[in-house]
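*Asks:* Please put together the full structure from these sequences, using the hints given.
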Amino acid sequence: MAVPEVSREEQLNLESLTWGDLTWVNIEGPTERETEYLAQNYPFHHLDLDDCLSRIQRPKIDEYGAPKNYLFLVLHFPVFSKEAWVTTPSQVSVFIGENYLITLHKGELKPLVKLFRECQIDEESRQEYLGQGSGYLLYRIVDRLVDYCLPILNKIGDNIESVEDSVFSSGIHNAVRGISILRRDIISLRRIIWPMRAVIGSLEPKVRHFTKMDMSVYFGDMVDHMDKIWDGLDEYKEIIEGLNDTHDSLATNRTNEVVRMLTIIASILLPLTVVASIYGMNIPLPFQNSNYSLIFVLFIWLAIVGGMLYFFRRHHWI
Amino acid sequence: MAVPEVSREEQLNLESLTWGDLTWVNIEGPTERETEYLAQNYPFHHLDLDDCLSRIQRPKIDEYGAPKNYLFLVLHFPVFSKEAWVTTPSQVSVFIGENYLITLHKGELKPLVKLFRECQIDEESRQEYLGQGSGYLLYRIVDRLVDYCLPILNKIGDNIESVEDSVFSSGIHNAVRGISILRRDIISLRRIIWPMRAVIGSLEPKVRHFTKMDMSVYFGDMVDHMDKIWDGLDEYKEIIEGLNDTHDSLATNRTNEVVRMLTIIASILLPLTVVASIYGMNIPLPFQNSNYSLIFVLFIWLAIVGGMLYFFRRHHWI
Amino acid sequence: MAVPEVSREEQLNLESLTWGDLTWVNIEGPTERETEYLAQNYPFHHLDLDDCLSRIQRPKIDEYGAPKNYLFLVLHFPVFSKEAWVTTPSQVSVFIGENYLITLHKGELKPLVKLFRECQIDEESRQEYLGQGSGYLLYRIVDRLVDYCLPILNKIGDNIESVEDSVFSSGIHNAVRGISILRRDIISLRRIIWPMRAVIGSLEPKVRHFTKMDMSVYFGDMVDHMDKIWDGLDEYKEIIEGLNDTHDSLATNRTNEVVRMLTIIASILLPLTVVASIYGMNIPLPFQNSNYSLIFVLFIWLAIVGGMLYFFRRHHWI
Amino acid sequence: MAVPEVSREEQLNLESLTWGDLTWVNIEGPTERETEYLAQNYPFHHLDLDDCLSRIQRPKIDEYGAPKNYLFLVLHFPVFSKEAWVTTPSQVSVFIGENYLITLHKGELKPLVKLFRECQIDEESRQEYLGQGSGYLLYRIVDRLVDYCLPILNKIGDNIESVEDSVFSSGIHNAVRGISILRRDIISLRRIIWPMRAVIGSLEPKVRHFTKMDMSVYFGDMVDHMDKIWDGLDEYKEIIEGLNDTHDSLATNRTNEVVRMLTIIASILLPLTVVASIYGMNIPLPFQNSNYSLIFVLFIWLAIVGGMLYFFRRHHWI
Amino acid sequence: MAVPEVSREEQLNLESLTWGDLTWVNIEGPTERETEYLAQNYPFHHLDLDDCLSRIQRPKIDEYGAPKNYLFLVLHFPVFSKEAWVTTPSQVSVFIGENYLITLHKGELKPLVKLFRECQIDEESRQEYLGQGSGYLLYRIVDRLVDYCLPILNKIGDNIESVEDSVFSSGIHNAVRGISILRRDIISLRRIIWPMRAVIGSLEPKVRHFTKMDMSVYFGDMVDHMDKIWDGLDEYKEIIEGLNDTHDSLATNRTNEVVRMLTIIASILLPLTVVASIYGMNIPLPFQNSNYSLIFVLFIWLAIVGGMLYFFRRHHWI
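Chains as they are written, first to last, in my numbering: chain P, 2 to 319; chain B, 2 to 319; chain F, 2 to 319; chain C, 2 to 319; chain S, 2 to 319.
Keep in mind that the hints were calculated from the coordinates and are not lab data.
Fair warning: there could be bad hints in the mix.
When chains are identical, the list treats them as one kind, so a pair holds in a single copy or across two.
Stated by the list, open to error - The calculated EDC-like cross-link candidates involving lysine to aspartate or glutamate, where the alpha carbons are at most 16 Å apart (straight line), are:
id, residue 1, residue 2
1, 115, 148
2, 61, 232
3, 69, 215
4, 115, 37
5, 115, 29
6, 69, 239
7, 111, 148
8, 229, 148
*Replies:* So, in structure tokens, the structure goes:
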């Protein structure tokens with residue numbers, strides 16, 4: 002369990018920090034070479050090391066008692082990938098022991114990358130984060146990543162409001178696409194947050210081992226934040242389903258209005274055509290040669306149009 | 002834990018009341034200055050003080066045993082904001098100790114503001130509310146705020162009834178908007194009440210510490226009211242979903258009627274046009290010059306119209 | 002805890018019956034005067050007496066041990082109000098002690114009113130109902146009221162069947178209204194029965210105190226009936242939701258048929274009009290003056306109509 | 002608890018079988034006379050005997066310890082009634098004691114009737130079924146009845162497949178009716194099976210008393226079959242709901258196609274009519290008397306038709 | 002419990018492998034002859050042997066303590082049958098004892114067949130799989146079969162994406178079919194995976210008996226994979242339901258557009274026809290013989306068309 006030397010670290014795509022007796026090893030983009038290195042230097046189970054590279058993990062905590070005495074965490078946090086326009090889970094694997102904390106991730110989670118940089122550069126923050134045991138460091142890392150979910154949630158909330166506006170305005174086609182994308186986003190986020198809640202909820206008693214102070218309040222606070230995020234997603238899910246229903250109702254109403262307009266126009270104009278056709282026939286017709294015949298025809302037309310309008314008014318169509 | 006002096010309180014946007022050994026400190030619109038003041042005078046955890054200012058809280062109870070010996074509550078109550086036409090949660094943070102009760106809120110919850118004013122002005126009510134320990138005072142405050150939710154619930158009930166009327170009347174467009182707004186309102190309220198139920202349900206055993214008498218009946222009553230509100234919201238949710246379905250069914254039926262009308266009109270008038278067009282052709286036609294040709298044509302028309310009407314009657318269209 | 006005198010009872014809108022050492026006090030339409038009277042004569046908690054008058058109760062059991070030694074029940078049973086065409090809960094508050102049982106209600110629940118009259122008039126039934134302790138009397142009252150729910154359930158079942166018939170017949174508009182009303186009725190009933198199930202399910206061990214014999218079988222039977230009612234409501238809820246879907250599917254199909262009819266008619270008649278219009282033009286036309294021109298035109302028409310019919314037949318439209 | 006005499010049995014619509022010390026009494030179509038007879042000969046609770054005749058039962062197990070020492074079961078099994086085209090529950094009430102098993106039913110459940118006949122005629126099967134105690138006999142009866150549900154389930158599966166075919170074929174109206182009937186059938190079956198699962202799941206420990214051998218494997222097998230039936234019903238429910246959605250989507254698409262066809266036809270023919278009408282006017286027109294006027298008109302027509310077709314092609318309508 | 006001889010095995014459609022004291026018997030396509038053979042050589046319960054042949058099983062674990070001391074597993078894994086285009090469960094029955102493991106299946110599950118072949122041919126893998134006790138062998142077999150589900154899941158994910166594309170493109174009919182088939186597939190898979198999760202989740206403590214090392218980490222990993230598959234199916238279910246809604250919304254919008262187009266065309270052309278018909282009447286008309294009459298008529302037309310276009314523009318129809 003020796004502190005890894007600087008030279009080898011660079012070869013291995015691996016960086017480390019030390020404060021007192023605590024070392025934080027950060028591995029961005031782990032490959033088999035890094036996990037082999039870990040296998041040689043730490044007492045980790047080979048299944049755990051496989052999980053760090055696997056793509057089909059679920060968030061979980063694996064606890065190993067003495068003599069191994071370490072905790073293996075798989076955590077997932079949402080990352081919005083702009084190319085595919087979807088939210089996907091990004092995995093952070095964490096090994097935590099008495100005097101070390103090892104994080105393996107792809108470097109997609111900015112708060113984690115930033116936190117490590119901060120500790121590299123600034124001695125004060127290194128003391129703040131690493132000075133109180135590996136459990137406290139874990140809390141600070143996870144807390145940052147959890148808080149990182151809130152802007153994602155707020156962005157969804159904003160998108161919902163803009164979709165809601167477009168549902169009630171006339172540009173329909175856009176709204177369907179917007180609802181569909183948002184819905185899928187919310188489904189994905191829920192799938193990421195749901196198992197994370199269970200993991201974070203059960204974290205505190207297992208980490209207690211590695212902390213110098215009572216941290217139940219801190220972890221309780223983190224669980225509250227996680228629950229808040231879940232509540233928000235739940236609410237958004239219901240709202241977006243409601244919006245979908247509202248859109249469909251409005252679309253049905255709009256079709257109704259259009260058809261009503263068509264019926265009104267056809268009902269008024271078709272009788273006129275019929276009357277005109279009658280006088281267009283090449284057969285002997287009454288009043289045909291009278292000078293008042295046009296007035297007579299117009300009178301019939303007005304009677305028909307008036308009757309139709311009265312009929313539609315009574316049926317509340319216009 | 003000294004009783005705060007009056008002069009400093011005014012500077013700090015903070016008011017206090019004392020009866021016997023119990024002090025009620027009320028902070029409307031807390032800022033960092035107020036929480037700093039609390040941090041100096043009371044043994045509160047700094048995370049709790051942060052929570053008082055944070056906007057992303059969930060209702061919760063944090064219990065601190067001796068020597069700190071206080072309870073920290075975050076409570077949310079619905080407030081209807083008229084500008085945005087939505088129901089939003091308004092937070093009340095409460096610290097309760099042996100001989101003090103501190104409430105922090107934004108002043109949006111009228112019953113709480115009113116209760117404090119009442120105690121300021123009227124000595125009798127001060128005795129009534131503060132004379133039986135901090136636990137009893139908490140009960141009175143929370144009970145008032147819970148009862149304050151009932152008019153909101155009743156208003157939703159009234160709105161549902163008016164929307165129901167508009168669904169069955171002909172003004173369709175309005176109904177969709179009404180249903181959509183009500184649905185969103187109910188979703189928001191449910192999100193506020195749901196976590197509150199859990200908090201209020203677990204309040205009694207934790208407050209027992211701070212009350213001079215057995216208050217289980219009182220708190221039980223409050224839990225019943227909360228459950229009643231939840232039941233009501235649940236019922237309203239189902240009703241509004243049912244109304245949405247009913248609206249859609251009615252809209253489909255209306256479109257059906259309109260299209261049916263169009264079809265009937267077209268089916269009757271188009272054949273007439275065809276017959277008239279035939280006699281409008283500039284070619285030799287039978288009976289063309291007969292004086293009875295018009296009667297002949299009219300007879301054909303009547304036959305077609307009669308046949309169409311019979312056909313539609315048989316298909317139950319008219 | 003003296004037996005109330007007859008004279009005062011009449012003033013107080015309160016009647017009582019005694020058999021052995023058991024007194025049944027029945028209060029129809031309780032007001033503050035009656036609850037004050039109870040407060041003076043019995044050791045009841047003032048919150049319970051408030052609950053008897055309150056309109057926002059939930060079914061519940063409050064248990065008070067020695068020295069008060071009584072049970073307070075709030076029970077809700079459905080009553081169908083003919084004016085508003087809705088099912089509403091009617092409250093019965095019951096205080097039960099060693100030698101008394103007090104019922105407070107509005108007189109809307111006929112079985113309870115009838116049962117009391119029966120005991121007033123007929124000594125035998127008084128012995129039957131009151132002769133075995135207050136717990137047994139409670140069982141008889143509640144059992145009657147529970148059984149009273151079954152005809153309501155059956156009526157809903159009948160209504161569902163008649164609505165189902167109207168869904169498959171052609172009178173559409175009626176069906177939507179019927180489905181909507183039934184759905185709301187079922188929602189209301191479920192809201193009444195749901196909390197009642199919990200109360201009645203937990204009644205037996207709490208009443209055991211006040212019964213002379215083992216009544217677990219009797220109460221078990223009552224719980225079964227309650228569960229049966231709940232099962233029925235659950236089934237009806239699913240059926241009515243299914244009926245709503247069926248109605249919508251049928252309405253969509255009907256619109257489809259109507260539009261198809263319109264399309265067929267327009268497709269056949271519009272080409273005819275076009276052909277006729279051609280020969281109606283005031284320009285030199287081929288075959289115009291031939292005697293066979295009409296036959297030529299009719300032949301073109303038949304070809305068009307035949308082609309259209311063949312096309313629609315191939316697309317399974319007719 | 003004497004074995005009933007043969008003569009009285011026949012009067013009473015009651016048959017019995019005996020093997021060793023075990024008697025199986027089978028009552029088809031029980032009336033009050035039969036239950037009175039049972040009341041006189043067996044130590045049964047009068048509520049249980051009432052339940053045998055009642056129509057509003059739920060499946061349940063009532064256990065009576067010594068000295069009564071019997072078990073009362075109410076079991077429901079689905080029976081498909083051909084007249085009403087619905088699946089209804091058929092009740093079997095069973096009393097089981099140390100040396101007797103009494104079944105009361107309406108004779109609708111063929112496997113039970115057949116099993117009894119088998120034991121009456123064939124001594125070998127009498128030994129097989131009755132030779133190992135009343136608990137084993139109960140297992141054999143219930144197992145037969147449970148297995149009897151599987152063909153019903155399979156029939157529903159077949160019906161779903163034929164409805165699925167008709168959804169994707171063009172005969173729409175039929176499919177709605179089929180979906181509606183199947184849905185209702187599945188709802189009814191679920192209501193029957195759901196409470197039965199609980200009863201059968203809790204049967205084994207209660208029957209243990211009356212069996213000579215360890216039967217946990219047998220009862221476990223029966224519970225598995227029951228769960229399998231429930232799983233099947235659950236799957237069918239989801240499939241039928243999916244089919245309903247599919248039907249609606251297809252119907253919407255079909256309406257869309259029909260309206261598109263109408264629009265295309267109207268868009269092509271109406272301009273033609275307009276052009277023809279122009280040349281039908283009795284006013285001076287250009288080219289009116291030219292011999293090429295028809296060709297000129299036809300050219301305009303072709304231009305309009307071509308433009309329309311190009312427009313629809315670009316919008317992917319044809 | 003003798004090791005079966007090779008000669009008899011071949012007659013019996015049964016193959017076996019031995020390494021150390023552990024024998025793996027593999028039966029592809031079991032019939033009554035094979036189960037009879039097992040009944041003679043092993044202490045298996047006859048119900049378990051029946052279950053191996055039965056088609057109506059559910060995944061389960063049956064545990065038999067000493068002296069029988071074996072475990073009977075029924076496992077189901079999804080197999081996609083290309084003929085029927087559906088995913089169906091394929092059963093693997095496993096008997097596991099101290100020194101034997103017997104698998105019975107239909108040979109449809111390729112990974113199992115392949116694994117057995119591997120062990121037959123290659124001594125090294127025989128040592129790897131069979132060298133650590135029957136429990137470890139079971140783990141290796143089940144783990145392979147569980148991992149085999151992942152490609153099926155991924156294929157569904159791919160299909161969902163292609164269906165999603167087709168929903169947003171114009172080929173509507175295809176999308177409905179695709180959604181319907183995918184939905185059914187997901188329902189079937191969920192029905193297979195759901196009971197398997199429970200079985201695999203409870204496997205570890207029961208198998209502990211038959212393993213030489215602590216395998217909780219291995220089985221925990223397998224449970225994680227199973228949960229991951231379930232999560233994926235859950236997500237797919239929600240996505241496909243959302244896609245169905247999206248399709249319906251888009252189809253409604255498309256119908257709306259088509260009807261709008263029809264209404265616009267009819268509204269513009271019908272007035273033209275009417276005006277033309279007027280001047281086609283065989284009665285005295287104003288301006289009839291003027292040379293400017295055509296210009297007059299065209300002017301009226303343009304006014305009507307302009308008015309209509311302005312009206313539709315204002316209603317956001319075009």
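*Asks:* Could you run down the list of hints and mark each one as holding or not?
*Replies:* How the hints compare with the structure:
In this homomeric assembly, residue 115 and residue 148 come within 16 Å of each other (Cα to Cα) only inside a single copy, at 14 Å, whereas the closest approach across copies is 36 Å. Only between protomers do residue 61 and residue 232 lie at most 16 Å apart by alpha-carbon distance; the minimum there is 14 Å, versus 21 Å within a single protomer. With identical chains, the CA atoms of residue 69 and residue 215 are at most 16 Å apart between copies only, with a shortest distance of 14 Å across copies and 23 Å within one. Taking the shortest alpha-carbon separations for residue 115 and residue 37, neither the intra-copy value of 26 Å nor the inter-copy value of 30 Å comes in at or below 16 Å.
Taking CA atoms no more than 16 Å apart as the test, residue 115 paired with residue 29 passes inside one copy only; the shortest distance there is 12 Å, against 37 Å between copies. In this assembly of identical chains, the alpha carbons of residue 69 and residue 239 never lie at most 16 Å apart, being 46 Å within a copy and 41 Å across copies at closest. Taking the shortest Cα distances, residue 111 and residue 148 sit within 16 Å of each other inside one copy (12 Å), while across copies they are farther apart (32 Å). Only within a single protomer do residue 229 and residue 148 lie at most 16 Å apart by alpha-carbon distance; the minimum there is 11 Å, versus 25 Å between protomers.
Hints 4, 6, counting from the list given before, are not met by this structure.
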